[in-house]
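Student: Spelled out, the chains give:
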Amino acid sequence: KQHYIQRRRRTKWTFARRHQTTWNKHQECSCRAVFERYKDLHVYQLEHPTQVLEWTSGNSVCVAGYSQSKNEILELRLPLKLLADENKSLCAERDFKVSHGGFTDGPVRCLTHIPGTRCAVTNDGLSSDLQVWDLGGEESDVIRRTGSIKGKRSASERGSRIAARPSSAPQVLHGAQISDVQLTELASGETLYKLETDSADPLSSLQFVSDTVFLAGCCNGSVYVADTRTSAPPQLSHSPSSAESVIWWTDAAAGPHPSSRRVIRVSSSGQAVVSDLRNLGGAGCQAQLDVQTPGRCSQVKVSWAPTLDDCISVSGFSGVVQIYNTRLWGAEPQEARPLFEHRGHAVSSQQTDDSVPTFVTSHIWHPERPRTLLSAASDGSVHVWDWVDPNRQGGSPTP
Amino acid sequence: MPEIKVTPLGAGQDVGRSCILVSIGGKNIMLDCGMHMGYNDDRRFPDFSYITQNGRLTDFLDCLIISHFHLDHCGALPYMSEMVGYDGPIYMTHPTKAICPILLEDFRKITVDKKGETNFFTSQMIKDCMKKVIPLNLHQTVQVDDELEIKAYYAGHVLGAAMVHIKVGSESVVYTGDYNMTPDRHLGAAWIDKCRPDILISESTYATTIRDSKRCRERDFLKKVHESIERGGKVLIPVFALGRAQELCILLETFWERMNLKAPIYFSTGLTEKANHYYKLFITWTNQKIRKTFVQRNMFEFKHIKAFDRSYADNPGPMVVFATPGMLHAGQSLQIFKKWAGNEKNMVIMPGYCVQGTIGHKILNGQRKLEMEGRAQNGPLLDVKLQVEYMSFSAHADAKGIMQLIRMAEPRNMLLVHGEAVKMEFLKGKIEQEFSIDCYMPANGETTTVTTNPSVPVDISLNLLKREMALGGPLPDPKKPRTMHGTLIMKENSLKLVSSEQALKELGLNEHQLRFTCHVQLQDPHSDADTLHRIYTHLKSVLKGYTIQHLPDGTVIVESIVIKVSSSAEDSNTKVLLLSWSYQVIIEPLLKKSFLYPAVLANPPLKSDVISSFWVQTLLQFPDSNKHCGITES
Numbered sequence: 001k002q003h004y005i006q007r008r009r010r011t012k013w014t015f016a017r018r019h020q021t022t023w024n025k026h027q028e029c030s031c032r033a034v035f036e037r038y039k040d041l042h043v044y045q046l047e048h049p050t051q052v053l054e055w056t057s058g059n060s061v062c063v064a065g066y067s068q069s070k071n072e073i074l075e076l077r078l079p080l081k082l083l084a085d086e087n088k089s090l091c092a093e094r095d096f097k098v099s100h101g102g103f104t105d106g107p108v109r110c111l112t113h114i115p116g117t118r119c120a121v122t123n124d125g126l127s128s129d130l131q132v133w134d135l136g137g138e139e140s141d142v143i144r145r146t147g148s149i150k151g152k153r154s155a156s157e158r159g160s161r162i163a164a165r166p167s168s169a170p171q172v173l174h175g176a177q178i179s180d181v182q183l184t185e186l187a188s189g190e191t192l193y194k195l196e197t198d199s200a201d202p203l204s205s206l207q208f209v210s211d212t213v214f215l216a217g218c219c220n221g222s223v224y225v226a227d228t229r230t231s232a233p234p235q236l237s238h239s240p241s242s243a244e245s246v247i248w249w250t251d252a253a254a255g256p257h258p259s260s261r262r263v264i265r266v267s268s269s270g271q272a273v274v275s276d277l278r279n280l281g282g283a284g285c286q287a288q289l290d291v292q293t294p295g296r297c298s299q300v301k302v303s304w305a306p307t308l309d310d311c312i313s314v315s316g317f318s319g320v321v322q323i324y325n326t327r328l329w330g331a332e333p334q335e336a337r338p339l340f341e342h343r344g345h346a347v348s349s350q351q352t353d354d355s356v357p358t359f360v361t362s363h364i365w366h367p368e369r370p371r372t373l374l375s376a377a378s379d380g381s382v383h384v385w386d387w388v389d390p391n392r393q394g395g396s397p398t399p
Numbered sequence: 001m002p003e004i005k006v007t008p009l010g011a012g013q014d015v016g017r018s019c020i021l022v023s024i025g026g027k028n029i030m031l032d033c034g035m036h037m038g039y040n041d042d043r044r045f046p047d048f049s050y051i052t053q054n055g056r057l058t059d060f061l062d063c064l065i066i067s068h069f070h071l072d073h074c075g076a077l078p079y080m081s082e083m084v085g086y087d088g089p090i091y092m093t094h095p096t097k098a099i100c101p102i103l104l105e106d107f108r109k110i111t112v113d114k115k116g117e118t119n120f121f122t123s124q125m126i127k128d129c130m131k132k133v134i135p136l137n138l139h140q141t142v143q144v145d146d147e148l149e150i151k152a153y154y155a156g157h158v159l160g161a162a163m164v165h166i167k168v169g170s171e172s173v174v175y176t177g178d179y180n181m182t183p184d185r186h187l188g189a190a191w192i193d194k195c196r197p198d199i200l201i202s203e204s205t206y207a208t209t210i211r212d213s214k215r216c217r218e219r220d221f222l223k224k225v226h227e228s229i230e231r232g233g234k235v236l237i238p239v240f241a242l243g244r245a246q247e248l249c250i251l252l253e254t255f256w257e258r259m260n261l262k263a264p265i266y267f268s269t270g271l272t273e274k275a276n277h278y279y280k281l282f283i284t285w286t287n288q289k290i291r292k293t294f295v296q297r298n299m300f301e302f303k304h305i306k307a308f309d310r311s312y313a314d315n316p317g318p319m320v321v322f323a324t325p326g327m328l329h330a331g332q333s334l335q336i337f338k339k340w341a342g343n344e345k346n347m348v349i350m351p352g353y354c355v356q357g358t359i360g361h362k363i364l365n366g367q368r369k370l371e372m373e374g375r376a377q378n379g380p381l382l383d384v385k386l387q388v389e390y391m392s393f394s395a396h397a398d399a400k401g402i403m404q405l406i407r408m409a410e411p412r413n414m415l416l417v418h419g420e421a422v423k424m425e426f427l428k429g430k431i432e433q434e435f436s437i438d439c440y441m442p443a444n445g446e447t448t449t450v451t452t453n454p455s456v457p458v459d460i461s462l463n464l465l466k467r468e469m470a471l472g473g474p475l476p477d478p479k480k481p482r483t484m485h486g487t488l489i490m491k492e493n494s495l496k497l498v499s500s501e502q503a504l505k506e507l508g509l510n511e512h513q514l515r516f517t518c519h520v521q522l523q524d525p526h527s528d529a530d531t532l533h534r535i536y537t538h539l540k541s542v543l544k545g546y547t548i549q550h551l552p553d554g555t556v557i558v559e560s561i562v563i564k565v566s567s568s569a570e571d572s573n574t575k576v577l578l579l580s581w582s583y584q585v586i587i588e589p590l591l592k593k594s595f596l597y598p599a600v601l602a603n604p605p606l607k608s609d610v611i612s613s614f615w616v617q618t619l620l621q622f623p624d625s626n627k628h629c630g631i632t633e634s
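Chains as they are written, first to last, in full-length UniProt numbering: chain A, 1 to 399; chain B, 1 to 634.
Just so you know, not all the hints are guaranteed correct.
Unchecked claim - Straight line, CA to CA, 16 Å or less: simulated EDC-like cross-link-like pairs of lysine to aspartate or glutamate:
1. LYS115/B - ASP128/B
2. LYS70/A - GLU432/B
3. LYS88/A - ASP40/A
4. LYS423/B - ASP40/A
5. LYS39/A - GLU227/B
6. LYS224/B - ASP40/A
7. LYS39/A - ASP220/B
8. LYS400/B - GLU434/B
9. LYS39/A - GLU218/B
10. LYS423/B - GLU47/A
11. LYS400/B - GLU47/A
12. LYS70/A - GLU227/B
Claimed, not checked - Some but not every residue of chain B turned toward chain A, in silico, with C-beta under 8 Å:
13. GLN140
14. VAL144
15. THR209
16. GLN367
17. MET391
18. GLU432
19. SER541
20. LEU543
21. GLY545
Unchecked claim - Listed next, the stretches of chain A that the computed footprint assigns to chain B, with coverage defined by at least 3 CB atoms under 8 Å from CB atoms of chain B:
22. 168-181
23. 222-228
24. 335-345
Keep in mind that the hints were calculated from the coordinates and are not lab data.
Where is the CB? At the ideal position from N, CA and C, for every residue including glycine.
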């Protein structure tokens with residue numbers, strides 16, 4: 001107990017001292033903090049905010065506007081300085097290059113690049129129709145629309161989700177609700193596969209977890225896993241909670257080892273549940289995330305880190321992107337503290353209208369660089385950041 | 001049609017050796033006369049033979065305008081004026097005129113004295129060339145000759161950088177040089193009038209770039225300096241006397257204050273004097289904040305930054321030193337570099353571009369062993385162990401900035417130069433879509449021709465004006481163009497617009513009356529007389545306020561328009577209406593009631609067509625008539 005009191009005293013003292021410090025001292029802290037928290041931090045301002053961030057290669061990313069009328073799709077090349085491992089200091093190039101660009105007539109709510117091609121597929125969030133784009137090659141910097149895929153629903157509340165995987169003939173898996181999910185060949189428009197189910201639950205996520213197996217996450221929290229090679233009914237895992245007002249978002253880690261294939265579900269109230277992809281109904285770990293505002297519809301994004309084991313990133317609840325270590329979570333939902341928090345969008349926002357706080361519209365991990373992420377916000381800002389694990393500072397590795 | 005021609009002799013789809021030829025209203029103007037830093041041969045200078053193959057430069061060019069002091073915009077100036085030969089006027093702003101010769105001399109020294117090149121301009125040539133320069137003030141209209149006038153606008157970018165508006169008669173061109181649409185710590189943002197030039201020639205260096213924020217750039221700079229200081233190292237920052245140096249000093253001063261750092265910061269003395277001198281001279285060219293502070297204190301009166309003495313370089317412990325020149329090719333920065341290069345704790349931060357052949361260029365290319373001058377051949381090499389950092393602070397407009405400038409100036413055509421060789425089709429499309437103007441990107445030697453619509457002043461008689469006003473109803477909107485009727489008379493080199501009566505009088509001509517007729521077919525089973533009566537009652541109800549008469553001879557007359565009805569020979573149900581009217585202004589108010597009026601204005605020769613279709617429209621509303629209406633015209 002004495003030890004506890006001593007510690008309390010000490011904290012109190014530091015607290016008081018901290019408050020005595022000048023404004024300058026406070027700035028010193030923030031300056032040092034940024035120096036220490038990030039290995040790299042680049043801040044860009046797009047003309048219009050984007051809700052999509054999609055890799056088209058290891059060093060290019062696609063963004064697109066979501067205003068009601070005309071928008072641009074841009075393919076941006078990441079700065080050499082960020083990607084350079086050797087002679088980083090001799091590289092002064094720290095800007096995005098617009099390598100390709102094109103115009104759309106409507107908003108872009110969802111954009112998926114088809115691996116191994118220069119082709120992307122978009123959806124406007126208003127119907128389940130898809131637009132097909134040629135991202136342009138060496139000879140041209142223009143992104144052109146080359147076709148479209150008619151969806152099942154002319155008007156839909158949240159638009160289609162799109163997933164793609166490498167294949168000899170480009171094809172996409174898409175749908176606005178679970179009963180719509182189908183695999184379409186781009187060139188012919190032919191339906192190669194249809195998910196057999198009667199449920200009309202709207203989709204919040206759709207992704208391939210292997211060459212043929214895909215996962216479809218519904219807004220109500222239930223998750224379907226199916227194989228495009230068979231017409232067998234999908235494996236269904238019901239929602240982790242029965243609450244009706246919450247919306248769930250899902251992401252699966254597609255690691256090489258079966259044991260690393262896990263699914264995370266995050267709800268609009270900040271509840272997070274991790275389960276094993278092979279046994280979705282089995283017991284997993286869970287947590288209550290440290291988020292204040294209930295998640296805005298269609299904005300929340302949850303994503304497994306591609307190379308850091310057990311780490312997830314979450315955004316869309318406010319102006320921050322959080323990173324959590326799920327290894328610290330238990331069987332019962334407990335309050336979890338983020339491992340790292342990127343507050344840059346909220347802090348450096350140039351938005352003049354205070355009544356609408358800036359919120360993060362999307363974020364994405366770099367496929368190879370372990371701690372590099374891109375994030376975009378409602379004020380048009382895009383940040384590229386390489387964060388430093390606070391537990392690893394000073395060379396001590398994470399337990 | 002009158003036209004403006006633009007031909008880049010350098011910087012067409014390329015960065016470096018900016019040089020653009022403009023032919024406007026019979027005048028030939030050269031914009032910038034830059035040098036390419038990447039080449040040592042003929043490609044270094046713009047291709048003047050494009051002009052000289054047909055005669056002397058002085059005979060061809062009316063003037064030469066230099067936008068700013070960077071060598072890729074003024075580096076070929078002495079070569080052009082003294083070696084190729086040009087004696088006409090050269091315009092540049094005051095700061096450019098002051099700084100340009102210093103840079104040219106610096107560059108001459110590197111090329112001739114260090115690299116041993118011959119056939120290059122001499123110091124005397126630089127001096128002679130500068131004597132031909134006429135300085136420009138911001139926003140001052142300078143009359144080059146009776147017809148050609150130029151005006152300079154603020155461009156940001158570097159001290160003294162200007163955009164120029166070139167005007168001959170009603171035709172005009174704006175050349176931006178290099179510019180920056182976001183203010184920085186010591187310069188403001190570019191600004192221009194809504195001057196609506198025929199062509200806006202803009203640089204596009206960063207047109208395909210989305211820039212990392214200035215804050216991140218500065219934070220990285222501070223982080224590097226801080227790291228080195230914390231480990232006890234010394235930091236050398238080679239700078240050119242003006243511009244970036246001031247910016248970085250302001251930044252470090254604030255950082256030192258904020259972090260409560262104790263390590264000394266020095267700047268070499270030559271630097272202060274020169275910089276202060278120029279800043280005093282050209283304070284109006286910096287941004288507002290600097291202008292305000294300058295009133296209270298000297299630009300270089302910093303709390304933490306002190307004057308440097310060469311003996312300080314050997315002092316123990318960490319320090320930061322700003323020294324000239326910026327490319328480490330001579331002088332104090334090179335001396336300090338040699339002293340500190342051997343210690344890996346130390347750091348050199350290169351804040352800008354370095355010309356080939358300089359130590360700066362070599363270390364930025366990763367060279368770690370340097371041959372030093374003054375040492376014996378094959379003597380020991382200088383081992384570069386210190387950390388080398390390259391940072392770019394250059395200020396150009398990005399795509400957003402270019403769009404902003406277009407919005408400001410509202411040009412009729414856009415021409416992009418000074419861009420990387422990469423395709424800029426997307427930007428071209430973006431400009432064309434957003435502003436509905438054409439966008440060109442000519443290569444070197446390729447001419448872009450733009451036809452212009454120069455306005456021709458015409459005198460108008462007061463009587464005609466008054467009459468037209470009386471006809472038009474309410475007073476016309478002064479912001480909107482308006483069509484009016486009159487006769488244009490060209491007489492003794494002057495143009496005047498008079499009423500047609502007066503024109504007839506002056507020319508001694510008689511007025512002729514034209515009468516138009518047309519046939520309209522209708523399906524109506526009634527007798528001819530009944531049909532005519534029905535038409536009469538219909539028109540009475542439709543055209544209220546007009547004189548409509550039904551005459552006993554079987555005609556209906558609306559104002560001056562005569563309508564007669566007869567049955568077709570083949571089919572008694574088909575009625576043929578004969579419409580006949582004289583060409584009179586009175587018809588117009590009648591037509592104004594209908595939606596056809598704009599069409600009449602747009603296409604006066606078709607007036608008779610329009611009038612007949614007006615009648616068809618009116619008659620189509622005729623009750624009970626079978627909507628089968630044909631029209632023949634005589």
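Student: For the pair we were handed, LYS400/B and GLU434/B, check the Cα-Cα distance against 16 Å.
Tutor: Measuring from Cα to Cα gives roughly 12 Å; hence the hint holds.
Student: LYS70/A and GLU227/B: Cα distance at most 16 Å?
Tutor: violated (47 Å)
Student: For a C-alpha distance cap of 16 Å, please report whether LYS224/B and ASP40/A respect it.
Tutor: Judged against 16 Å, a Cα distance of about 12 Å means the pair holds.
Student: Given the proposed pairing of LYS39/A with GLU218/B, does the C-alpha separation stay at or below 16 Å?
Tutor: holds (15 Å)
Student: Holds or violated: SER541/B as interface residue toward chain A, Cβ cutoff 8 Å?
Tutor: Interface hint status for SER541/B: violated (45 Å vs cutoff 8 Å).
Student: Regarding the pair LYS70/A and GLU432/B, is the alpha-carbon distance no greater than 16 Å?
Tutor: Distance of about 14 Å is within 16 Å: holds.
Student: Verify the interface restraint on GLU432/B: the C-beta must sit less than 8 Å from at least one C-beta of chain A.
Tutor: violated (11 Å)
Student: For the region 168-181 of chain A, count the residues whose Cβ lies under 8 Å from any Cβ of chain B; is that count three or more?
Tutor: Violated - the region 168-181 of chain A has 0 residues with a Cβ nearer than 8 Å to chain B, which falls short of three.
Student: Could you check if GLN140/B really has its C-beta closer than 8 Å to a C-beta on chain A?
Tutor: At 35 Å from the nearest chain A Cβ, GLN140/B fails the 8 Å test, so the hint is violated.
Student: Hint LEU543/B vs chain A: min CB-CB distance below 8 Å?
Tutor: LEU543/B check fails; min Cβ-Cβ to chain A is 44 Å, beyond 8 Å.
Student: Within the region 335-345 of chain A, is the number of residues with a Cβ closer than 8 Å to a Cβ of chain B three or more?
Tutor: violated (count 0)
Student: Take the shortest C-beta to C-beta distance between MET391/B and chain A; is it under 8 Å?
Tutor: holds (6 Å)
Violation of the numbered hints given earlier is confined to hints 1, 4, 10, 12, 13, 14, 16, 18, 19, 20, 21, 22, 23 and 24; the remaining hints are satisfied by the structure.
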